[in-house]
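Listed in order, the protein sequences are those of chains A and B. The first sequence: position 128 = 127 (numbering that gives the first Met the number 0), numbered continuously. The second sequence: position 159 = 158 (numbering that gives the first Met the number 0), numbered continuously.
The reader is advised that the hints may include incorrect statements.
Quick list of the computed label-pair ranges, beta carbon to beta carbon [stated by the list, open to error]:
| id | chain 1 | residue 1 | chain 2 | residue 2 | range |
| --- | --- | --- | --- | --- | --- |
| 1 | A | Val125 | B | Ala195 | 29 to 37 Å |
| 2 | B | Leu7 | A | Met118 | 18 to 26 Å |
| 3 | A | Leu132 | B | Arg35 | 25 to 33 Å |
| 4 | A | Gly135 | B | Phe159 | 54 to 62 Å |
| 5 | A | Gly135 | B | Asp38 | 46 to 54 Å |
| 6 | B | Ala28 | A | Met118 | 21 to 29 Å |
| 7 | A | Leu132 | B | Asp79 | 40 to 48 Å |
| 8 | B | Thr131 | A | Thr102 | 44 to 52 Å |
| 9 | A | Gly135 | B | Val25 | 30 to 38 Å |
| 10 | A | Leu121 | B | His122 | 33 to 41 Å |
| 11 | B | Val133 | A | Met118 | 28 to 36 Å |
| 12 | B | Arg35 | A | Gly128 | 34 to 42 Å |
Calculated from the structure, these hints are not laboratory results. For each residue, glycine too, the CB sits at the ideal point set by N, CA and C.
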Amino acid sequence: MPHRRFFVLSLIVGLPAAAAAQFTTFIPPQTKPADSVRAPVATQKAVQPDTSLSTRLTNLKTWVDSAAGVAAAPKAAQDSLPAKKPVPTVSDSATAKTSDTATMRNGERAPATASDLPMMALIGSVALGLGALLLGAGGNRRIRTDA
Amino acid sequence: MRKRIGLLLYVLGGLLLSFAVGRYGVGVAKADQARRAWDASEGRAAVALARSAALHHGIRETPVDGAPVARIVIPRLDLDEIVLEGVDADELNAEPGHLTGSAYPGEPGNAVISAHRDRHFNHLDALDVGDTIVTESGTHQDSWVVVAKRVVGKDERALFRTSDATLTLTTCWPIRYLGPAPERLIVTAKPIRRKATRVASAS
Chain A
0 MPHRRFFVLS LIVGLPAAAA AQFTTFIPPQ TKPADSVRAP VATQKAVQPD TSLSTRLTNL
60 KTWVDSAAGV AAAPKAAQDS LPAKKPVPTV SDSATAKTSD TATMRNGERA PATASDLPMM
120 ALIGSVALGL GALLLGAGGN RRIRTDA
Chain B
0 MRKRIGLLLY VLGGLLLSFA VGRYGVGVAK ADQARRAWDA SEGRAAVALA RSAALHHGIR
60 ETPVDGAPVA RIVIPRLDLD EIVLEGVDAD ELNAEPGHLT GSAYPGEPGN AVISAHRDRH
120 FNHLDALDVG DTIVTESGTH QDSWVVVAKR VVGKDERALF RTSDATLTLT TCWPIRYLGP
180 APERLIVTAK PIRRKATRVA SAS
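I would like the entire structure built from these sequences, with the hints used as guidance.
The structure is reproduced here in structure tokens:
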């Protein structure tokens with residue numbers, strides 16, 4: 000009898016626990032935020048520490064340089080505004096080129112406008128005339144010899 | 000022997016003369032081409048609009064070398080030529096050239112135009128103070144009066160930037176001289192009148 004009592008007692012204690020396990024409520028997992036939303040946030044979080052680290056390191060280097068008596072290299076000034084985009088114009092690429100550096104120097108020499116052509120034409124004419132003269136003279140002499 | 004030397008001189012002279020005449024011919028053809036390009040109103044309008052738009056937005060646009068950029072008329076010398084961009088041998092062989100980087104005629108700054116002394120500016124020395132020069136740059140026609148004329152050494156730094164509109168014409172000096180000239184003739188003019196051209200009025 001004590002065995003039967005023990006068995007009934009264990010059923011009374013054990014069954015509700017098993018039954019409770021059967022009817023556990025399903026709790027769905029929370030929906031993940033979309034990657035497109037998380038990515039910029041993650042990037043921003045990742046960038047911020049880098050920027051501050053870089054600044055801190057730069058300052059540290061300047062501080063070390065100044066402490067060591069080395070003149071720090073001048074830091075290039077950075078524009079606080081974003082770079083200006085070139086405004087599209089109606090220019091024809093075949094007739095125009097953008098050039099922001101081509102400005103005349105203050106104190107430019109006047110361009111050399113000497114042409115070699117007159118000299119070349121003169122020398123050519125003289126050589127041609129002289130050559131014709133020599134050829135003619137040679138021809139006349141031969142004719143005279145033949146005669 | 001004499002015949003051989005004669006033949007050599009004859010051939011050499013013929014080649015030199017042909018080359019010189021050929022270069023002159025190429026220059027004349029290019030000048031004609033530049034004149035036609037300038038006269039084409041569409042091209043003029045496009046260049047003028049592009050330049051005015053670029054200047055308005057603070058962008059400096061330089062035409063490619065050899066492109067027509069202006070027209071210059073000097074009644075005293077009976078000269079009417081199209082000015083090309085650049086002062087290299089090819090441009091100067093064809094037409095007067097605009098010194099790249101200098102201002103364009105009529106714009107604020109010093110506009111420098113150069114030409115060969117044996118070609119377009121072969122009578123530049125006849126220009127006197129008080130004479131008139133007219134330039135046309137697509138959007139405007141400017142009249143200038145010659146205010147100075149001087150001769151400087153070839154290495155002298157004689158061209159300066161100006162804040163107001165100035166026109167400077169340069170050529171080699173002496174005008175009647177064979178070979179690289181030792182000096183430069185510089186003529187300076189100031190604007191006296193400006194009026195809009197047909198293209199500017201239309202746009």
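Status of the hints after comparison with the structure:
Between valine 125/A and alanine 195/B the Cβ separation comes to about 53 Å, which falls outside the hinted range of 29 to 37 Å. Restraint check, leucine 7/B to methionine 118/A: a C-beta distance of roughly 20 Å satisfies the suggested window 18 to 26 Å. The beta-carbon spacing between leucine 132/A and arginine 35/B, approximately 44 Å, falls outside the hinted interval of 25 to 33 Å. The hinted range of 54 to 62 Å is satisfied by glycine 135/A and phenylalanine 159/B, whose Cβ atoms lie roughly 57 Å apart.
Hint check: glycine 135/A to aspartate 38/B, Cβ distance near 49 Å, so the stated range 46 to 54 Å holds. Look at alanine 28/B against methionine 118/A: about 22 Å separates their beta carbons, and that is inside 21 to 29 Å. The hint said 40 to 48 Å for the Cβ distance between leucine 132/A and aspartate 79/B, and at roughly 42 Å that hint holds. About 28 Å separates the C-beta atoms of threonine 131/B and threonine 102/A, a value inconsistent with the hinted range of 44 to 52 Å.
Taking the beta carbon of each, glycine 135/A and valine 25/B are about 33 Å apart, inside 30 to 38 Å as hinted. Judged by the Cβ atoms, the range 33 to 41 Å given for leucine 121/A and histidine 122/B is violated: they are separated by roughly 20 Å. Between valine 133/B and methionine 118/A the CB atoms are about 33 Å apart, so this pair conforms to the stated range of 28 to 36 Å. The beta-carbon spacing between arginine 35/B and glycine 128/A, approximately 38 Å, falls within the hinted interval of 34 to 42 Å.
Violated hints, in rising order: 1, 3, 8 and 10; the structure is consistent with all others.
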